[in-house]
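Peer 1: Chain residues, written in single-letter form:
2 protein chains.
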Amino acid sequence: MINTLYLPELREMLSADNVEGLRDFCEAIHPARAAEFMAGLSPSESWQVIEHGKMEVRVDIFSFFGTDKQYEILASQPIASVASMVAELPPDDRVDLLQELDEDRLAELLERLPVEERRDFQRLSQYPEGTAGAVMTTEIAKLSESLTIREALNEIGRQSENYETIYYLYIVDEVDHLRGLVSARQLLTGMKQPETPLHQIMDTNLVTVDVMDDQEDVANQVAKMDLLAIPVVDNQHKLLGIITHDDVIDVVQEEATEDAHRFGAVDPLDESYLRTSVFTLTWKRGIWLSILFFFALLTAFAIQEYEAEIEEWVWLALFIPLVISSGGNSGSQSATLIITALSRGHISLSDWGRVVVRELIMGLLLGTGLAAMGLVASIFFVPASETFLSASLFVVPLTLLLVVICGTLTGSVLPLLFEKLGWDPAMMSTPFVAGIVDILGILIYFKVATLFIV
Amino acid sequence: MINTLYLPELREMLSADNVEGLRDFCEAIHPARAAEFMAGLSPSESWQVIEHGKMEVRVDIFSFFGTDKQYEILASQPIASVASMVAELPPDDRVDLLQELDEDRLAELLERLPVEERRDFQRLSQYPEGTAGAVMTTEIAKLSESLTIREALNEIGRQSENYETIYYLYIVDEVDHLRGLVSARQLLTGMKQPETPLHQIMDTNLVTVDVMDDQEDVANQVAKMDLLAIPVVDNQHKLLGIITHDDVIDVVQEEATEDAHRFGAVDPLDESYLRTSVFTLTWKRGIWLSILFFFALLTAFAIQEYEAEIEEWVWLALFIPLVISSGGNSGSQSATLIITALSRGHISLSDWGRVVVRELIMGLLLGTGLAAMGLVASIFFVPASETFLSASLFVVPLTLLLVVICGTLTGSVLPLLFEKLGWDPAMMSTPFVAGIVDILGILIYFKVATLFIV
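Heads up: the protein sequence lines correspond to chains R and W, in order. Residue numbers are given in this note's numbering: position 35 of the first sequence equals residue 35, and the series is strictly consecutive. Residue numbers are given in this note's numbering: position 282 of the second sequence equals residue 736, and the series is strictly consecutive.
The hints are simulated quantities; they were obtained by calculation from the structure and are not laboratory data. All C-beta atoms in this analysis are idealised placements derived from N, C-alpha and C, irrespective of residue type, glycine included. Take the hints with a grain of salt, since some may be wrong.
Under the rule of at most 30 Å between Cα atoms (straight-line distance), these lysine-lysine pairs were calculated in the DSS-like manner [as the list claims (entries may be wrong)]:
(1) R:192 / W:596
(2) R:284 / W:874
(3) R:142 / W:678
(4) R:142 / W:646
(5) W:738 / R:224
(6) W:596 / W:678
(7) R:284 / W:678
Only part of the chain W face toward chain R is listed, based on derived beta-carbon distances under 7 Å [what the hints assert, rightly or not]:
(8) 495
(9) 497
(10) 642
(11) 717
(12) 718
(13) 768
Next up, chain R with everything else stripped away, as it sits in the complex (with noise of 0.2 Å):
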């Protein structure tokens, strides 16, 4: 959605030059917006009308900006301008960014970046995309333990801009073990005895996450947990960094995204839908329909073994889709009711046996209920010389039933395996289940029928 609005105005400022207008409009507006207002900017002209605001306001538009306007300006703007704004953004964007660009470029940029930012992104980019440390920043207030209220008050007061945030703050030892937590509400609070030392207020009774867990899991964690932030530490209890509410709401829409596009046969997107080209789109949607199209060719193969069966009694061909669907329908309605509720933590592996048997009786309650409209379909639908021989009736029916249990047993009990085999079960998505569902309903269809009518 491009904001038309101030382009005008913001190109005819630039072309004249007019410093205190770019200024003003950096600083006078909310940076998301100003960000929202710029959409309509080629990269270039965008960076022109930022460089106009001070460098705290200048990394805020920044980083409002879309990945795709953010690449190019640090891809293509002056070196060193763009260096200076690389060293001010937060760790962990800025190893999101570098990563993006070519290897000239990132080495042109690292050596321009003050040391310590240097190392830092040496450090965070060794994480694995997905972990905690990928999406953990380093920017957190660390206090030892002996400090006073004062002190710290004085310490954060002193330091705040270099912290993501300083509403809690972590104590830890000389070697940086994690110890407790101090809230600023906790200091605030305090103030009355600013000679308290930390370690009497302090928390420690916290709770941490590995640097190398999913990020999915650290998400839910601090969902479940309504927290500001949530520390990650190594396997020594080390503390690396911290990941923000932010942070987690990202990490919450992306993977909700992600499972959203897996269910609908879409190999997940890296970028929103308009800023994904046709082709990418195409690509990673032609995947997913070649291989339900070879999962449909299987049931050709099936369906061509009873050719002789649909030339007698044609009435069996009608029902295909409705066999079918019934079928794919309940497997997708199982595997996406087991996969967003291990996404969730609402369930995990040792409740397979009671979500099987809950599986079993719904496919039992479905499949009788479809079977009942099944049975006044084929005396609708199946020819009257044939009713009388009543089995043919019972056909559809019968066959409703099995392939809504064959259903919902494979649309749970195959994310349960996946979850088992440590692979995501989102990968075993809805239209992969509902695919092999389709050939065992058009099997099951089939079998009944030579038995009924044969």
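The hints should help you fit chain W onto chain R, whose structure is shown.
Peer 2: For chain W alone, coordinates are given in the frame of chain R:
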């Protein structure tokens, strides 16, 4: 998932009335963990345990219980002790909980709440579910702009227990119109000039939401702007409450799960999978399975029109599943992409032209790809006697091309149409799109077949 680690000890302590042990359990571990350990206890046992903790801890642990257990406790435990805890709950959670009680019990409880909390409940319970008003909390730090930094610090030191967050302080005039925001960070860094009045440092450039705004839009705003909390105002810009980051994460997770369920043809659950009874689940799935059953029945009607053709060219039946699944899957893909992009705010209605053009191009590309595969399949499956009449070979490929285009267009236009009509596009769930495309696919298939072969 029930953690049974502490269960025997807890039960033993309860029966021995071990006051000290139970207090320790409540106060020594993180409230979220404590609630987890009590998952295996009955509501009444759980209540007996947490009554041993001090009020603050009791409220914390209680708020981590499952909603079932919470209702059960409110409905069945001694009214006086329950009421004193309810008075301490965050106002937004309190409203959600109390609304589930039966009228008599609710009246009894409200009677025992302090006046302010009672009035708060009456105000908050007016806002319909899913609006900003229904999620917001009213426990906010409202300060006058004439206060100095020192006075503000003293004020929040005194009041902090009563505020949901003290990290954002809202500046209002005499009649509660929102004037600006001062963050605790600003106060802490401004401590060196303690006599500075707040109006000199406050940020007046605020992002607010209306009390009747949709909670999903609010969540998107907070996520986009990385806010800790967002103020909720009425149409006179009066400050009514705030929505904090943890509520936003809940909303994002809740909406994502709801959408996933809709995509999977399940009416969204009010509770987690294992907490929802098998009968409720069967009902929520059954509605959709029945709707989709009727769609599939329509395909039976469509196929019936062509029974004579199938009798003559039985191989046509082989490709029914292939045609249906190709159309349905490409339709689901488009619907998924468009619905997720709309709900994340990545596209808006004004993009409809671009979206349709992109989907048309993708339909052409994907359709051509599948058509090529369909041609190969035809060579295998169409009987040799007919392959000389080369037209038969092109029935399936041409159908696939048309069906995929039909799928991408239906899948993109229907959600946009729903958005245009002001309905939730996620209601136009992907299985619904697939159902419609199934029927169109069958019609296209036999139309093409009769044109080419007859």
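Peer 1: Checking hints one by one. Is residue 768 of chain W an interface residue toward chain R, by the C-beta closer than 7 Å rule?
Peer 2: holds, 5 Å
Peer 1: Identify whether the interface hint at residue 718 of chain W stands, where standing means a beta carbon of chain R within less than 7 Å of its own.
Peer 2: With a minimum Cβ separation of about 3 Å from chain R (threshold 7 Å), the hint on residue 718 of chain W holds.
Peer 1: Verify the proposed pairing of residue 738 of chain W with residue 224 of chain R, using a straight-line Cα cut of 30 Å.
Peer 2: holds, 26 Å
Peer 1: Taking only the CA atoms, is the gap from residue 142 of chain R to residue 678 of chain W under or equal to 30 Å?
Peer 2: holds, 28 Å
Peer 1: Are the Cα positions of residue 192 of chain R and residue 596 of chain W separated by 30 Å at most?
Peer 2: holds, 22 Å
Peer 1: Please check whether residue 495 of chain W passes as an interface residue: C-beta within 7 Å of a C-beta belonging to chain R.
Peer 2: violated, 19 Å
Peer 1: Under the criterion that the straight-line Cα-Cα distance not exceed 30 Å, is the pair residue 142 of chain R, residue 646 of chain W satisfied?
Peer 2: Cα-Cα ~22 Å, so holds.
Peer 1: Quick check on the hint: residue 717 of chain W CB to chain R CB, less than 7 Å?
Peer 2: holds, 5 Å
Peer 1: Holds or violated: residue 596 of chain W and residue 678 of chain W, Cα atoms, limit 30 Å.
Peer 2: holds, 25 Å
Peer 1: Given the hinted pair residue 284 of chain R and residue 874 of chain W, is their alpha-carbon gap at most 30 Å?
Peer 2: holds, 28 Å
Peer 1: Hint check: is the beta carbon of residue 497 of chain W less than 7 Å from a beta carbon of chain R?
Peer 2: violated, 19 Å
Peer 1: May I ask you to test the interface hint for residue 642 of chain W with respect to chain R, counting a Cβ-Cβ separation under 7 Å as satisfied?
Peer 2: holds, 5 Å
Of the numbered hints given earlier, the model fails hints 8 and 9; all others are met.
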